[in-house]
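J.: Sequence:
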Amino acid sequence: MLSPGQDLPTLLPEDLARQWPTLGQGGVLLDIREPWETEVAPLRPENMPVRHIPMGELPQHLEALLQLPFVVCFCHHGVRSAQVVAWLARHGHTSVYNLAGGTDRWSLRVDPGVPRY
Numbered sequence: 021m022l023s024p025g026q027d028l029p030t031l032l033p034e035d036l037a038r039q040w041p042t043l044g045q046g047g048v049l050l051d052i053r054e055p056w057e058t059e060v061a062p063l064r065p066e067n068m069p070v071r072h073i074p075m076g077e078l079p080q081h082l083e084a085l086l087q088l089p090f091v092v093c094f095c096h097h098g099v100r101s102a103q104v105v106a107w108l109a110r111h112g113h114t115s116v117y118n119l120a121g122g123t124d125r126w127s128l129r130v131d132p133g134v135p136r137y
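The numbers in the working numbering rise by one with no breaks, and the one at position 65 of the sequence shown is 85.
Worth flagging that the hints you see were computed from the coordinates, not collected in a lab. You may find that some hints are simply not true.
Cβ pair distances, simulated, as ranges [claimed, not checked]:
1) R110 - R136: 25 to 35 Å
2) P79 - P132: 19 to 29 Å
3) Q80 - P132: 31 to 41 Å
4) H111 - P132: 28 to 38 Å
5) Y137 - T114: 31 to 41 Å
6) L32 - V60: 14 to 24 Å
Think of the CB as a built atom: it goes at the ideal place given N, C-alpha and C, for glycine as much as any other residue.
Based on the provided sequences and hints, a complete structural model is requested.
T.: Set out below in structure tokens:
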């Protein structure tokens, strides 16, 4: 669990793309963007399961999310997903990360096929 003042666990998109195979089985990329955002700029990396739950609906899915071995949260720029990482950590998840820069940085550094918006 995060202590006050402790930095959020963060992964850069370029590091995540390289490290995903070593993170282990059962983890998920958690897309917390609004449905219109996922339509405009879908992020579906090969061999990385993505689960879309808009930020406002997360409380209904808390128990299921806490059961996952690890979660990498993302949004457009990484601000909303940082809030979700802190929220999941406060609820006891011990292996949750923020995707720094969100889909925008993913598009710039990993896959230019993901539209920027």
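J.: It remains to establish, for every hint, whether it holds in the given structure.
T.: Hints, one by one, checked against the model:
For the pair R110 and R136, the supplied restraint of 25 to 35 Å holds, since their beta-carbon distance comes to about 31 Å. At roughly 35 Å, the beta-carbon separation of P79 and P132 lies outside the given 19 to 29 Å, and the hint is violated. For Q80 paired with P132, a C-beta distance near 35 Å keeps the hint of 31 to 41 Å intact. A beta carbon spacing of about 36 Å between H111 and P132 agrees with the range 28 to 38 Å that was offered as a hint.
Remark: the range hint 31 to 41 Å for Y137 to T114 is upheld by a beta-carbon distance near 33 Å. With their beta carbons about 23 Å apart, L32 and V60 fall inside the hinted range of 14 to 24 Å.
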